[in-house]
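Trainee: Residue-level listing of the chains:
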Amino acid sequence: AQKVTQAQTEISVVEKEDVTLDCVYETRDTTYYLFWYKQPPSGELVFLIRRNSFDEQNEISGRYSWNFQKSTSSFNFTITASQVVDSAVYFCALSEPSNTGKLIFGQGTTLQVKP
Amino acid sequence: DSGVTQTPKHLITATGQRVTLRCSPRSGDLSVYWYQQSLDQGLQFLIQYYNGEERAKGNILERFSAQQFPDLHSELNLSSLELGDSALYFCASSVSHKGELFFGEGSRLTVL
Chain X
1 AQKVTQAQTE ISVVEKEDVT LDCVYETRDT TYYLFWYKQP PSGELVFLIR RNSFDEQNEI
61 SGRYSWNFQK STSSFNFTIT ASQVVDSAVY FCALSEPSNT GKLIFGQGTT LQVKP
Chain B
1 DSGVTQTPKH LITATGQRVT LRCSPRSGDL SVYWYQQSLD QGLQFLIQYY NGEERAKGNI
61 LERFSAQQFP DLHSELNLSS LELGDSALYF CASSVSHKGE LFFGEGSRLT VL
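Those sequence lines, one after another, are chains X and B. Counting along the first sequence from 1, when you hit position 40 you're at 40 in the numbering used here, and nothing is skipped either side. Counting along the second sequence from 1, when you hit position 94 you're at 94 in the numbering used here, and nothing is skipped either side.
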């Protein structure tokens, strides 16, 4: 069965610190997609990244970076120089390639960035 | 703004009642997904419709049902409501089964 585990329930950092959110997944599929979503206090789900299991290159987008390691079934998310606006719940998710809208979400990590 | 519209944004009702949540997908998107976010279960997939037909089913209770109409909007019907049904219900849409998913802002249901 597919499963996503975000072991960190809550993380608190001070502004400008770097923070890494962990995500470990389980799947029997040889191909799959991995995602990160952000849910700010306002409640909407904001798409951050989608990664195909064939693409193990790390990705950087501004202060955000993602480290995908197939060998350890992990897809970790790092925020560099965190800001108060980064405070949110972050979800990691997994899908099969035949239906990328059918997501298996982790339990989420609540990130609090203090000024 | 994702382009996905959900109504109502907030709904308060009593146990045993029935409610309908509505979703208008982005223009051109044929696929609609429903998700439930609750404190107990987290974010979980309920059901998907594609161009009017049920495409995939997740952990949707028998008391819940959904449909997608010819104009592609979708409705999620929740009946015989229980306290545990209180949750944030998200609708999302995509062009196809493999397209990028766009979430609406959610409908927050409170069952008293």
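Honestly, the hints are just simulated from the structure, not real lab data. Hints are not guaranteed to be accurate.
25 Å max Cα-Cα, derived BS3-like pairs, lysine-lysine [as the list claims (entries may be wrong)]:
| id | chain 1 | residue 1 | chain 2 | residue 2 |
| --- | --- | --- | --- | --- |
| 1 | X | Lys3 | B | Lys57 |
| 2 | X | Lys38 | B | Lys9 |
| 3 | X | Lys70 | B | Lys57 |
| 4 | B | Lys98 | X | Lys3 |
| 5 | X | Lys70 | X | Lys16 |
| 6 | X | Lys3 | X | Lys38 |
| 7 | X | Lys38 | B | Lys98 |
| 8 | X | Lys16 | X | Lys114 |
| 9 | X | Lys38 | X | Lys16 |
Computed from a predicted model, the values in this text were never measured in an experiment.
Trainee: Are the hints correct? Go through all of them and say.
Mentor: To see whether the hints hold, each was checked on the structure:
Between the alpha carbons of lysine 3 of chain X and lysine 57 of chain B the distance comes to roughly 17 Å, so the proposed pair stays at or under 25 Å and holds. Proposed proximity of lysine 38 of chain X and lysine 9 of chain B is supported: the alpha carbons are some 19 Å apart, at most 25 Å. For the hint pairing lysine 70 of chain X with lysine 57 of chain B, the CA-to-CA distance comes to about 28 Å; that exceeds 25 Å, so the pair is violated. A C-alpha spacing of about 20 Å is found between lysine 98 of chain B and lysine 3 of chain X, which places the hinted pair at or below 25 Å, so the restraint holds.
A distance of roughly 29 Å separates the Cα atoms of lysine 70 of chain X and lysine 16 of chain X; the hinted pair therefore is violated under the 25 Å criterion. Taking the CA atoms of lysine 3 of chain X and lysine 38 of chain X, the gap is about 19 Å. The hint holds against a cut of 25 Å. Between the alpha carbons of lysine 38 of chain X and lysine 98 of chain B the distance comes to roughly 21 Å, so the proposed pair stays at or under 25 Å and holds. Between lysine 16 of chain X and lysine 114 of chain X, the direct Cα distance comes to roughly 9 Å. Compliance with the 25 Å bound is thereby established for this hinted pair.
Our distance criterion of 25 Å between C-alpha atoms is met by lysine 38 of chain X and lysine 16 of chain X, whose separation comes to about 19 Å.
In this structure, the earlier hints numbered 3 and 5 are contradicted, and the remaining ones agree with it.
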